[in-house]
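Colleague: In order, the protein sequence lines correspond to chains A and B. Going letter by letter, the first sequence gives residues 1 to 387 in this note's numbering. Going letter by letter, the second sequence gives residues 1 to 325 in this note's numbering.
Because the hints were derived from the structure by calculation, they are not lab data. The C-beta atom is built at its ideal place from N, Cα and C for all residues, glycine as well. A portion of the hints provided could be inaccurate.
One side of the interface only, derived from the structure: several residues of chain B facing chain A at Cβ under 7 angstroms [unchecked claim]: (1) L66; (2) L67; (3) R90; (4) P96; (5) D98; (6) L99; (7) A100; (8) F113; (9) R273; (10) R275.
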Amino acid sequence: MGQLITLLRTDLVQRLRDKSVIIFAVIVPMALMGAMNLVMGDAMDMELETATVAVSAPEGDQLAAALVQSLPEIGLDVEVTETGAKDVQARAESGDARLALVIPDGFSAALMAGEPVEVTAIRGDGAGLESSVVLAVVQGFLDRAGASAVATAAGAALGLPPAQLGGLAQQVATGDSAITLVSGETSDEQLDPKGALVAGQAGLFLMFTVSFGVLGLLAERELGTLSRLRSMPMNPVLVVLSKVLSSFVLGVVATSILLTAGGLLFGVDFGSPVPVAALIVCAVIATTSLTFIVIKLAKTSEQASIIQTILAMVLGIAGGAFFPMSGGGLLGTILDLNPVAAMIRGLGITSGGGGLGDIVTPVLIMLGFAAVALLIARVVPDRGAMA
Amino acid sequence: MTQTAEQQKHTSTGQDVLVVDGLVRRFGDLTAVADVSFRIAPGETYGLLGPNGAGKTTTISMIAGLLEADEGSVTVVGQPMGPTKVAPKRHLGLVPQDLAIYPDLSARENLTFFGRLQGLSGGGLRARVAEVLELTGLTDRAKGPTKEFSGGMKRRLNIGIGLLHQPTLLILDEPTVGVDPQSRNAILESVENLSGEGMAVLYTTHYMEEAERLCDRIGIIDSGTLQAEGTRDELIRLIGGVDNIQLTAAGDTEAAAEALRALPPVARVDADRGRLQLTVHDAPTAVAQIVTTATASGLQLSDVQISRPNLESVFLHLTGKALRD
Numbered sequence: 001m002g003q004l005i006t007l008l009r010t011d012l013v014q015r016l017r018d019k020s021v022i023i024f025a026v027i028v029p030m031a032l033m034g035a036m037n038l039v040m041g042d043a044m045d046m047e048l049e050t051a052t053v054a055v056s057a058p059e060g061d062q063l064a065a066a067l068v069q070s071l072p073e074i075g076l077d078v079e080v081t082e083t084g085a086k087d088v089q090a091r092a093e094s095g096d097a098r099l100a101l102v103i104p105d106g107f108s109a110a111l112m113a114g115e116p117v118e119v120t121a122i123r124g125d126g127a128g129l130e131s132s133v134v135l136a137v138v139q140g141f142l143d144r145a146g147a148s149a150v151a152t153a154a155g156a157a158l159g160l161p162p163a164q165l166g167g168l169a170q171q172v173a174t175g176d177s178a179i180t181l182v183s184g185e186t187s188d189e190q191l192d193p194k195g196a197l198v199a200g201q202a203g204l205f206l207m208f209t210v211s212f213g214v215l216g217l218l219a220e221r222e223l224g225t226l227s228r229l230r231s232m233p234m235n236p237v238l239v240v241l242s243k244v245l246s247s248f249v250l251g252v253v254a255t256s257i258l259l260t261a262g263g264l265l266f267g268v269d270f271g272s273p274v275p276v277a278a279l280i281v282c283a284v285i286a287t288t289s290l291t292f293i294v295i296k297l298a299k300t301s302e303q304a305s306i307i308q309t310i311l312a313m314v315l316g317i318a319g320g321a322f323f324p325m326s327g328g329g330l331l332g333t334i335l336d337l338n339p340v341a342a343m344i345r346g347l348g349i350t351s352g353g354g355g356l357g358d359i360v361t362p363v364l365i366m367l368g369f370a371a372v373a374l375l376i377a378r379v380v381p382d383r384g385a386m387a
Numbered sequence: 001m002t003q004t005a006e007q008q009k010h011t012s013t014g015q016d017v018l019v020v021d022g023l024v025r026r027f028g029d030l031t032a033v034a035d036v037s038f039r040i041a042p043g044e045t046y047g048l049l050g051p052n053g054a055g056k057t058t059t060i061s062m063i064a065g066l067l068e069a070d071e072g073s074v075t076v077v078g079q080p081m082g083p084t085k086v087a088p089k090r091h092l093g094l095v096p097q098d099l100a101i102y103p104d105l106s107a108r109e110n111l112t113f114f115g116r117l118q119g120l121s122g123g124g125l126r127a128r129v130a131e132v133l134e135l136t137g138l139t140d141r142a143k144g145p146t147k148e149f150s151g152g153m154k155r156r157l158n159i160g161i162g163l164l165h166q167p168t169l170l171i172l173d174e175p176t177v178g179v180d181p182q183s184r185n186a187i188l189e190s191v192e193n194l195s196g197e198g199m200a201v202l203y204t205t206h207y208m209e210e211a212e213r214l215c216d217r218i219g220i221i222d223s224g225t226l227q228a229e230g231t232r233d234e235l236i237r238l239i240g241g242v243d244n245i246q247l248t249a250a251g252d253t254e255a256a257a258e259a260l261r262a263l264p265p266v267a268r269v270d271a272d273r274g275r276l277q278l279t280v281h282d283a284p285t286a287v288a289q290i291v292t293t294a295t296a297s298g299l300q301l302s303d304v305q306i307s308r309p310n311l312e313s314v315f316l317h318l319t320g321k322a323l324r325d
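From just these sequences and the hints, can you work out the full model?
Modeller: Below you can see the structure in the form of structure tokens.
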């Protein structure tokens, strides 16, 4: 145990003096996060703005009035201005309104008679997601009103009295649906784009950070110190173990710094420290387990760098380090088993208030990944530094 | 292998620090070491002398437990050695041919690190590190990173690490390769002092002068096989007390060589780019006849040198090639 601590301590001292690990594991990812935030800042800012809507509606038309009144109640900030038909288009063109609606005369009568009716929508400059939502609401209103007209016509054909026809039309237009859709979510809350950026970059660079252990072992061989270490009165496995532990320590420290600093800089709250720490440790275990395979495959530091870079890029990109990845079937399952994806998903759960009990799935994915990697490392023939 | 009487006597002592018995190591179709056996007694300095590629480093790698032997065994202080063995390695100090120090650490940190791995600790470790720094002349530079050291300083530290835990057996694998003359002499003096302190030393080299100066006994190795072993005098006796004469001349050296080979005192003649290397019996008596014959063969002599036999002669005699081939 004393020899293992001595090996580990000396390795970490050299890594810190070398400074490359600090640059590559902390400074570069922070800089990259900052650059990506600058480039994609607006795209990542998902705050919806106020939807300014100019509406031209015929006076005294009940359904047109109902439509206009429903707009401010859709859950967004909607600012409705009623004006004349000519002014509506001018407002949209000038940018005073992001959306203009022209409701034709005889709107209610046409709807109730089941006749075609055309509401004109004009998207102004800068119309964004908010305008699309308003348009979807208008479309929904028209669909229900149309359904109401069809129901009324059907009732009349069946000989229902006018009083009942009015009730039927009212029920179809405003009543709740008999069909209920129940939707589920994989977690209580997913990371917002900035949170996903910080978590993704932390996961990606974790893959690079843990590679310093393998590179350290190969550096020992290139320095000639590996021969001397193997002549020391200790189990040669301790040399490999110290490098893996070194990777683990560097991975935990670097990822913790990235998540903490990234969270502060980008205003992301990843949630309770304990489950976040558990996720970090499991992610580092999963990625460090890959170093056992690389140690057996790489004969030189160049080979190790190439293998580790390929693994980092494949797992990082597939895990959503740059943008969310999703897929169905086998592809979706493979993507789900990625430790980077599991860490990001876990951080999404903790950021939504999830605790240790809620992150069991991502934790099991990461530990399972580590177990499989270790199994592969056992059966891969050793042609690396220790061969 | 040729064994001297003294060497045969030596094998029966039973108190050896190192016993190497029938070592064989193959790399694919190449047999790098073929049936090498020798022993080293306490306080003895044993030299493995051979050219590059002779199998010295492979032999040492098996002795130090870095490499598994295909056949044969190594015993250090009575304990079998192997890559996973721990106990025999406590008695071993290895100075690899290539530098084996950490450039970002200071000399003191390097020594302390390897001392801890050897089981030293506390005040004992600190005292021993100070002693070795003094011994290697690095006390004044103990705190600076070794990447700023000269080649000679790095070599001295490399040896100091091997000595740190005062091993029973110190293995030095060509420690003077690439070293300036001053540092080389300092290294040789250090090794001489070690044997005086009772440490057994296994020293590999392809420099004949180093083997002659340092080693109590010498094993001559070539093509993975131990050709002969014994003291310097015993080895020289193997070639029958012959001397060397070197002629430097202009003219047809090949024709002259043919004429010289016919002379009775001449045992061997090698011609090489204006030089003739002769192995002769009783050189002082034969030299006049040799010079006469060479001149008669049309050579214009510019220099004649007579030398007593040395390990180079022995190696040439045993293998048919020079040590530096």
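Colleague: So, for every hint listed, does it hold in this structure?
Modeller: Hints, one by one, checked against the model:
no.	hint	verdict
1	L66	5 angstroms, holds
2	L67	9 angstroms, violated
3	R90	4 angstroms, holds
4	P96	5 angstroms, holds
5	D98	4 angstroms, holds
6	L99	6 angstroms, holds
7	A100	4 angstroms, holds
8	F113	5 angstroms, holds
9	R273	37 angstroms, violated
10	R275	38 angstroms, violated
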